[in-house]
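For chain A, the structure is supplied; the task is to place chain B on it using the hints.
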Amino acid sequence: MGDATLGLLRGTLDLLILKALSTGDKHGYAVSEWIDAATDGSLLVEEGTLYPALHRLERRGLVSADWGVSDNNRRAKYYALTRAGGRQLADQAATWRAYTHAVAKVLAEGDAM
Amino acid sequence: MSGLRRRLFRLPPDPDRLREDVDAEVRFHLERKAERLVREGMTESEAWAEAHRRFGSVEKLKSQLAREGEVGMRKIAIGDRIRQDLHYALRQVRRNPGFTLVTVLTLSLAIGATTAIFSVVDGILFRPLPFPEPDQLTVVWADMTRRGGPANEWPNFPNYYDLKDRSHSLQAVAAWDGGPVTLTGLGEPEQIVAGYVSWDMLPEVLRVSPAVGRGFAPSDDEPGAPATVLLTDGFWRRALGASADALGSTLSLNGETHTVVGILPADFDAPFVNGAVIWVPLRQSRTDNYCGRGGACMHAVARLADGVSLDAARIEATDIARQLEEEHPEDNTNVGFTLRPLQDDMVAGARLALLVLLGAVGFVLLIACVNVANLLLARATSRTAELAVRSALGAGRRRITAQLLTESLVLAVLGGAAGLGIAYLGTELLVSLAPAATPRIEGVGVNGRVLWFALGVTLLSGLLFGVAPALRTARSGLDASLREGGRSASRGRAGMRARGVLVAVQVALALVLLAGAGLLVRSFQNLRELDLGFRPEGVLTLQIGLPQSRYPDADARRGFVASVEGRLGALPGVEAVGSTSWLPLTGFGSDVTFNIEGRPVPPPGQRHAVWFRRVTAGYPRAMGMRLLQGRWLTGADDERAPKVVVINDGLARRYFPEEDPVGRRLNLGNPDDPEWREIVGVAAEARYFSVAGDSRDALYLPYDQAPTSTIFVTLRSSRDLAALGSEARTRVADIDPSLAVAQVRPMEAVVAESLGSERLVTTLLGLFAGVAMVLAVVGLYGVVSYSVGQRLGEMGVRLALGAEGSDIGGLVLRQSMALVAVGLAVGVGGGVALTRLMGDLLFGVSPTDPWTYAIVALTLVAVATVASAVPASRAARVDPIRVLRVD
Numbered sequence: 240m241g242d243a244t245l246g247l248l249r250g251t252l253d254l255l256i257l258k259a260l261s262t263g264d265k266h267g268y269a270v271s272e273w274i275d276a277a278t279d280g281s282l283l284v285e286e287g288t289l290y291p292a293l294h295r296l297e298r299r300g301l302v303s304a305d306w307g308v309s310d311n312n313r314r315a316k317y318y319a320l321t322r323a324g325g326r327q328l329a330d331q332a333a334t335w336r337a338y339t340h341a342v343a344k345v346l347a348e349g350d351a352m
Numbered sequence: 027m028s029g030l031r032r033r034l035f036r037l038p039p040d041p042d043r044l045r046e047d048v049d050a051e052v053r054f055h056l057e058r059k060a061e062r063l064v065r066e067g068m069t070e071s072e073a074w075a076e077a078h079r080r081f082g083s084v085e086k087l088k089s090q091l092a093r094e095g096e097v098g099m100r101k102i103a104i105g106d107r108i109r110q111d112l113h114y115a116l117r118q119v120r121r122n123p124g125f126t127l128v129t130v131l132t133l134s135l136a137i138g139a140t141t142a143i144f145s146v147v148d149g150i151l152f153r154p155l156p157f158p159e160p161d162q163l164t165v166v167w168a169d170m171t172r173r174g175g176p177a178n179e180w181p182n183f184p185n186y187y188d189l190k191d192r193s194h195s196l197q198a199v200a201a202w203d204g205g206p207v208t209l210t211g212l213g214e215p216e217q218i219v220a221g222y223v224s225w226d227m228l229p230e231v232l233r234v235s236p237a238v239g240r241g242f243a244p245s246d247d248e249p250g251a252p253a254t255v256l257l258t259d260g261f262w263r264r265a266l267g268a269s270a271d272a273l274g275s276t277l278s279l280n281g282e283t284h285t286v287v288g289i290l291p292a293d294f295d296a297p298f299v300n301g302a303v304i305w306v307p308l309r310q311s312r313t314d315n316y317c318g319r320g321g322a323c324m325h326a327v328a329r330l331a332d333g334v335s336l337d338a339a340r341i342e343a344t345d346i347a348r349q350l351e352e353e354h355p356e357d358n359t360n361v362g363f364t365l366r367p368l369q370d371d372m373v374a375g376a377r378l379a380l381l382v383l384l385g386a387v388g389f390v391l392l393i394a395c396v397n398v399a400n401l402l403l404a405r406a407t408s409r410t411a412e413l414a415v416r417s418a419l420g421a422g423r424r425r426i427t428a429q430l431l432t433e434s435l436v437l438a439v440l441g442g443a444a445g446l447g448i449a450y451l452g453t454e455l456l457v458s459l460a461p462a463a464t465p466r467i468e469g470v471g472v473n474g475r476v477l478w479f480a481l482g483v484t485l486l487s488g489l490l491f492g493v494a495p496a497l498r499t500a501r502s503g504l505d506a507s508l509r510e511g512g513r514s515a516s517r518g519r520a521g522m523r524a525r526g527v528l529v530a531v532q533v534a535l536a537l538v539l540l541a542g543a544g545l546l547v548r549s550f551q552n553l554r555e556l557d558l559g560f561r562p563e564g565v566l567t568l569q570i571g572l573p574q575s576r577y578p579d580a581d582a583r584r585g586f587v588a589s590v591e592g593r594l595g596a597l598p599g600v601e602a603v604g605s606t607s608w609l610p611l612t613g614f615g616s617d618v619t620f621n622i623e624g625r626p627v628p629p630p631g632q633r634h635a636v637w638f639r640r641v642t643a644g645y646p647r648a649m650g651m652r653l654l655q656g657r658w659l660t661g662a663d664d665e666r667a668p669k670v671v672v673i674n675d676g677l678a679r680r681y682f683p684e685e686d687p688v689g690r691r692l693n694l695g696n697p698d699d700p701e702w703r704e705i706v707g708v709a710a711e712a713r714y715f716s717v718a719g720d721s722r723d724a725l726y727l728p729y730d731q732a733p734t735s736t737i738f739v740t741l742r743s744s745r746d747l748a749a750l751g752s753e754a755r756t757r758v759a760d761i762d763p764s765l766a767v768a769q770v771r772p773m774e775a776v777v778a779e780s781l782g783s784e785r786l787v788t789t790l791l792g793l794f795a796g797v798a799m800v801l802a803v804v805g806l807y808g809v810v811s812y813s814v815g816q817r818l819g820e821m822g823v824r825l826a827l828g829a830e831g832s833d834i835g836g837l838v839l840r841q842s843m844a845l846v847a848v849g850l851a852v853g854v855g856g857g858v859a860l861t862r863l864m865g866d867l868l869f870g871v872s873p874t875d876p877w878t879y880a881i882v883a884l885t886l887v888a889v890a891t892v893a894s895a896v897p898a899s900r901a902a903r904v905d906p907i908r909v910l911r912v913d
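In order, the protein sequences belong to chains A and B.
Residue numbering for the first sequence follows the working numbering, starting at 240 and increasing by one per position.
Residue numbering for the second sequence follows the working numbering, starting at 27 and increasing by one per position.
Chain A with its partners taken away, still in its complex shape (with noise of 0.2 Å):
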């Protein structure tokens, strides 16, 4: 990956989608530019992945979704944090806290060895 720009490892997706909901409700183009500007394009999300993404959230419950009219007047379809999107969004923080710091751990004494 000696690209500027890295693949998603599995289940991040869902991380970062939730996470992009937790500011407000938003269209899924708009999820998809929140991820692009959150992390100054350096993650590659092929965009149409984000949509079985998002279907998939919803039929969860973690997202709900309702067709609204955009600011430019054209029929979309917004996706909202449920109370349970919430709860997942805080857990799943936590673990991949937990899990890049020691993965991170283990690098570093890998380099100092």
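Watch out, some of these pointers could steer you wrong.
Here are some of the chain B residues that sit facing chain A, going by a computed Cβ distance under 10 Å [unchecked claim]:
#1 V48
#2 E61
#3 R80
#4 L87
#5 L91
Bear in mind the hints are in silico, worked out from the structure with no lab data behind them.
Source: prediction; values computed, not measured.
Cβ atoms here follow ideal geometry from the backbone N, Cα and C, with glycine treated the same way.
Here is chain B on its own, set in the frame of chain A:
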């Protein structure tokens, strides 16, 4: 909340809709992306290409989304649909508070009553005995069937010991007996019930160990061993204040000092000796015991050996009985052993009544379900428009049926929940009403099994009353749809047919219940009007135990009884006083064989047994017994006078059919006994054990010629018996303050108590039948008046065409009574089949008694006529102009 609402109202999965949504969503994304890229300087076509590139394969994604979406939505849809149906059902329930109240009330009463009865049935019949391996517990009776006697006669010690020694299929056999004892030394003298057991009963047969102290050892159970006693937890708390020093302390029972060796666990629930609060070793042995091989004097309970079936044990017991017949032909000819499971044996007397009650209350539940079904059907018609709209919006028949069933289940669950409360109260009420002699009643309560039963009954009744209306409504709702405006004549008629069938079913069920109740009422009347052979009105009875220690011999007892009768007879208002060894109808008595002078002695096994009581001279007058011939026993028939006896007319008829028994002589027990007793009189038969029991051959012996240690004093007086009772107590205490006077009560109370279970069963069945009749009639009224309402137009037309109002009224009445007639016919058929099953509960009335059926049917017809006459007269008064104009 919006998400929830969306989920609640999501439509069923629709692949086209799903695809459109995905298309729109993807299109929106690509457009926005392209717009942005254009803003950043790309050309339109470059921007579109870039947007697609970044998005990935649009088509692949679309089909993936559609596929996953469909599967996922289907899963959600099922859950959603249930939630949605539930939500909708709850709304219906809230929206029709009147309807909901009536149905839930009806159901809760029916489910509650059914559950309450079940909890009693379960507690008595089904609940396993609270002992390890309860199925191994077996009662041992003497089988006298080959002698023309009962299969469950009391055995005696010699045969019991032989069975105990020889049997291998019984790992333990133990003996018990029980009765009142006088407890002195703890405040007022008191009569308590004691259970007597051989030492091995608790550890070996029941496998119960005391909570505190030790159980009985073989040495405690030897004749003449120092007296020991085990206390029940309840007695230890009540009488000794749960004292820690109870162990090793002493109790004076019938004047003998007993050492407390242990306290039984709080949950010990003895399967015999109702109400026993203390347990004492029997202290009998093979050679030294209170009845010989010919006697019937004790009870035996055994535990089957591990892995041995009851049948195998029976075969072995029959074998042993045969050996004993050969070894002791004098006493054991034609005597066998009967082995019965202990639990069955305990509840045998209550089983039929309980099952009849359970069946009856089940009928009430059925009728209630039919009523609710009828209400639902009636309401369904008014909901046709609503359902038509739903079906127009795409709900299929299955969907609507499911919806309607959900509503029924919601109603059922509400009814069941309320019914549970009623069940708790009802169970408590039943337990408090149950006669004291009801077996196993203490442990009855709402337990886990009962709760499962209630849940099952609730769901079942929900389906029962819900299915027919749901199917009907869904069908008619769809067929009729909007165009008929909810007034389709043909559909209305089909609905009416369904409701008519339901009404007929209700009438049939109610008839069966009424017939059952009517039979029991007649049977109970027969019992009450029965000639008891004595007049219980105005008779006060009291029981006095004379402890061996203070009244060791006949003289002491005779003296006591004479002075008690003297003192009590002198009380103001006492017209007669007398005493007897056993009061009638208390379930106790003694029997003896007898021989008539000058007649050949029958071979062993065929001797005549007769029940006997010892009575004082005043007893017949105090009890109001009738003398048919000769004279009564008098005060002159004392220990010094020649031995005499009064026989009852049953005995006189059987053994002296052609001759005058007065002046003949007989002896008792051993045919060689030189003591001949002259028959001096013949008394009318009096009920012996129970009101309903067979009258028995019996004889009366003068108390003074063989005084017993327990006596019942009877006083005849026109005074208030309660006041007399307390005066009598005081007088007895004046003579001997250490005596316990028990059971001070009017003889009428004794009679009532002996009819207690009959009274309760009759009352309950009567109650159920009454409720059933009301429900059925309400159902009929509802259907008829509803039908009148539906057919007002038709009535109007008929009237306009020249029919008289009375014709219309007659038409309605005829149609309604046709339903009733069908119900009655079916009910009589079913009733005759079912009431036959309760034959053993009936006294003096046939289970198919035509009078009862006629009265019951007429009652139903009368009530049904009234219920139909109201709507019929409404129909007759229809104003054709107004009705036709409305249409």
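Sort out which numbered hints this structure fails and list those numbers smallest first. none
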